[in-house]
Amino acid sequence: MVRNVLLVAWRDFLAVVRTKGFLIGLVFMPSVIAVSSQLPKLFKRFGEEGVRRFAVVDFTGQLAGPIEQRIAVRNAETDRKVTIEIERVDVAAMDGAAAGDGAAFAAAKEKWKAELSLRAQGGDDSDPRRLYGFLLIGPRVLELPVAAAPLAPPRKQDSDDDGDGVSSTDAASSVTYCARSLTAGDLRQVVSGAVRDAVRTRRMEAAGLDVDLVRRADSMAGIEEMVIGKKPGDLSKASGPSEAVVPMVAVFLLLMGVMQSAGMLLNSTIEEKGNRVVEVLVSSIRPFELLAGKIFGAWLTGLVLLLAWGAAGYFAADSVQWIRPGMFSGANVAWFAYFFLFGYLLFASLYAAVGAMCTSIQDAQSFMFPIVILIMIPMMSLGFVMNQPDSMVARVLTWFPFSAPFIAILRLTLSPPAPQWQIAVAAVSVAIGAWFLMWAGGKVFRIAIFSTGKPPRLGEIWRWLREA
Amino acid sequence: MQPAIERVPAARAPAARSPDRVVHLDGVTKTFGGHVAVDDLTLTIPRGSVYGFIGPNGAGKTSTIRMIMHIHLADRGSVEVLGEPAGQRTARRIGYLPEERGLYPKMRVRDVILYFGRLKGRSRAELAPRIDAWLEKFELTPWRLKKCQELSKGMQQKVQFIATVIHQPELVILDEPFSGLDPVNTEVLIGVIEELKREGKTVIFSTHVMEHAEKLCDSVFMICKGKKVLDGTLEEIRARFRDDVIEVEGDGERAAFEGAPGVTAVREHPGRFELTVERGADVQRILQHALARFRVRRFEVRAPRLHDIFLKLAGDDAGAAATVAAVTAKGE
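Chains P and U supply the protein sequences, listed in that same order. Mapping to this note's numbering: the first sequence position 333 is 333, numbers consecutive. Mapping to this note's numbering: the second sequence position 238 is 238, numbers consecutive.
Just chain P, with the same shape it has in the complex (with noise of 0.2 Å):
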């Protein structure tokens, strides 16, 4: 009996192990985590070159020299590939522009949209003299607003008003940038960073202000941020996205095991149904042997992969320190393990089942429409249980069979973890489940395995589940 499910379960386990498909997957995943975190690096190292220039048509006369310095300071920054040129426009020429007039400074402004824009179109990368954009300072950039805006959340202030909305005097005093792109980069980030640091700099000149002063009154150490234990004195250091990221990513990985192995149990049950393999093994075995034995081998499939994908991201995490201690105590190891089995049970019989029915994946995707509906609530609903762990839809999904195994994961390596109980409920939900669904899967297989043509209809399939 055990040596018979035994037999079945190693070779189903071989079939799929010695797949190119399968060893594909088993490097792909961790590949996949190693050369996104080497990503970043890559793309600065083959990301363009060369030199941006762009014209400062400053109307304050003030302004031009600090963007130039601070352009300068990052421009020496050593990992850039790209350096910025500023190009001072004499502005002296244009009467009554400069004094502050609205109405001289919106047509000088027109007159430089135009002309620089025309530098920026024509030509070609080689020519130095060709901008890549520009920015027209405002003449009353410098006037403080006359009323402080309310205290509010910081708004982003990437409004690039070409002027023809705005009155005379807004545009007076206020900052025009153009490019060639407002997206490659962070050249925008940069150049309007600068244009308001020195605006805000020469401000508070104007004003009187200590500059010195005002910058290490703004200057402060970061906020360390530390979730509170179970325990007294129980403090640990989180480190902002592994408090996320890899609950979700240990949740993912439990979906990937498991869908994986119950893919692999419906490919193979198909397989022996369509080639009539099945004949000659149920005329050697029990039914029920051969059901154990194919989960089993499908399980020890999933098991591998899950052992592979999660060493590798157990390690990619802690080397950059986002597994925070206690996230995988033995523990919790320990209710990983039994959820992927138990899940996997839940799942697995289903897929016998169908596997059983059909005799070709077309025949089996009607059937497999709704167990999906039933993978996706779990995976729908996790950004909810991160945000509220402890809410009723939270607790009710962490004992729905279904989804409890992947939302008990989730709650069990987010801080603060769920209560013990609570998982204990989900476990004992899940075996349940898990138990019933063995029972009907494996009465729909006997009889299943056996049919042939199409697939039974619900009826049917309600009137096995009742007879036999």
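Do not take every clue at face value.
[Said to hold, decoys possible] With a straight-line Cα cutoff of 30 Å, these simulated DSBU-like cross-link-like pairs (lysine-lysine) come out:
{"id": "1", "chain 1": "U", "residue 1": "K312", "chain 2": "U", "residue 2": "K215"}
{"id": "2", "chain 1": "U", "residue 1": "K215", "chain 2": "U", "residue 2": "K147"}
{"id": "3", "chain 1": "P", "residue 1": "K20", "chain 2": "U", "residue 2": "K146"}
{"id": "4", "chain 1": "U", "residue 1": "K153", "chain 2": "U", "residue 2": "K227"}
{"id": "5", "chain 1": "U", "residue 1": "K227", "chain 2": "U", "residue 2": "K137"}
{"id": "6", "chain 1": "U", "residue 1": "K227", "chain 2": "U", "residue 2": "K197"}
{"id": "7", "chain 1": "U", "residue 1": "K197", "chain 2": "U", "residue 2": "K215"}
{"id": "8", "chain 1": "P", "residue 1": "K41", "chain 2": "P", "residue 2": "K81"}
{"id": "9", "chain 1": "P", "residue 1": "K20", "chain 2": "U", "residue 2": "K153"}
{"id": "10", "chain 1": "U", "residue 1": "K312", "chain 2": "P", "residue 2": "K20"}
{"id": "11", "chain 1": "U", "residue 1": "K227", "chain 2": "U", "residue 2": "K312"}
{"id": "12", "chain 1": "U", "residue 1": "K106", "chain 2": "U", "residue 2": "K146"}
{"id": "13", "chain 1": "P", "residue 1": "K20", "chain 2": "U", "residue 2": "K106"}
{"id": "14", "chain 1": "U", "residue 1": "K215", "chain 2": "U", "residue 2": "K225"}
{"id": "15", "chain 1": "P", "residue 1": "K443", "chain 2": "U", "residue 2": "K106"}
[To be verified] With the C-beta cut set under 10 Å, the calculated list includes, among others, these residues of chain P facing chain U:
{"id": "16", "residue": "S126"}
{"id": "17", "residue": "E271"}
{"id": "18", "residue": "R276"}
{"id": "19", "residue": "S319"}
Note that these hints are calculated values from the structure, not bench results. Ideal Cβ placement from N, Cα and C applies to all residues, glycine included.
Since the structure of chain P is already known, use the hints to place chain U on it.
Leaving out everything else, chain U in the frame of chain P:
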């Protein structure tokens, strides 16, 4: 979906066991949905015999075989195999070649035979030398490490056959073993079946090709619409059907045979006459009658071919039941 197999345990009547019989079906009925596949079938297969199952498509041959294999359970009646009620234990002692062949396409020839043999409870050490010997016999040695999908259909058929007999079963059941084989391989397989018989194994095989049945079988069982229409040794059956047709060649008129005792119909062919006679008619008297009125060059009681019997029985269901009564009066 066609009738699925409902595994309802059969009510088993205690049957008298005999060491001389390998399979004994007693009043077996199997129904799928509303369709009666096998109807009140009683059949005994003696040890060491080669038994042919014949019958039209859908007659119930495969259903009968599957009940012997314990893949189907009988709704009624009892199935005894190798001295005990059909079950998992008996199934493992049978070598079964299903009608629909199946091998794992991606498995190596040697591994697939080994796997099927081990599922039947044999050890790897036991099987390995036997596999090599069988592969040699079927000239498959060069292919032993190839994947099954790389083999031709005929070769796969041979691999499947080896997998069927590799665990040295006492009883071998072959469902349509010759389908898909070329004449050369058919002869090889016939040789192997004869060899199995010499070794004292019992072989049951189903076939559509009556020449195979005539060549190989000691006995033939024919099923039609779930009912047994013919069952007996080949000699018994031939004897039963022998006096059906007499062929006469010579000079004379058709009228010479009309009114002859036992002749029911006369058909004239160029140069010869075919007389259909009553069962049990006295051939000597017909000959005397003919000699008196006709210049006889040849007078032959045609040996009935299984093919004709098959056609007659399969095409004539109404008469079938009556035939059974007559033909199955064999020693039991």
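A quick look at each hint next to the structure:
no.: 1; hint: U:K312 / U:K215; in the structure: 20 Å, holds
no.: 2; hint: U:K215 / U:K147; in the structure: 34 Å, violated
no.: 3; hint: P:K20 / U:K146; in the structure: 17 Å, holds
no.: 4; hint: U:K153 / U:K227; in the structure: 33 Å, violated
no.: 5; hint: U:K227 / U:K137; in the structure: 39 Å, violated
no.: 6; hint: U:K227 / U:K197; in the structure: 28 Å, holds
no.: 7; hint: U:K197 / U:K215; in the structure: 13 Å, holds
no.: 8; hint: P:K41 / P:K81; in the structure: 13 Å, holds
no.: 9; hint: P:K20 / U:K153; in the structure: 26 Å, holds
no.: 10; hint: U:K312 / P:K20; in the structure: 57 Å, violated
no.: 11; hint: U:K227 / U:K312; in the structure: 15 Å, holds
no.: 12; hint: U:K106 / U:K146; in the structure: 9 Å, holds
no.: 13; hint: P:K20 / U:K106; in the structure: 12 Å, holds
no.: 14; hint: U:K215 / U:K225; in the structure: 25 Å, holds
no.: 15; hint: P:K443 / U:K106; in the structure: 29 Å, holds
no.: 16; hint: S126; in the structure: 59 Å, violated
no.: 17; hint: E271; in the structure: 8 Å, holds
no.: 18; hint: R276; in the structure: 3 Å, holds
no.: 19; hint: S319; in the structure: 39 Å, violated
Checked against the numbered hints above, the structure violates hints 2, 4, 5, 10, 16, 19; every other hint is satisfied.
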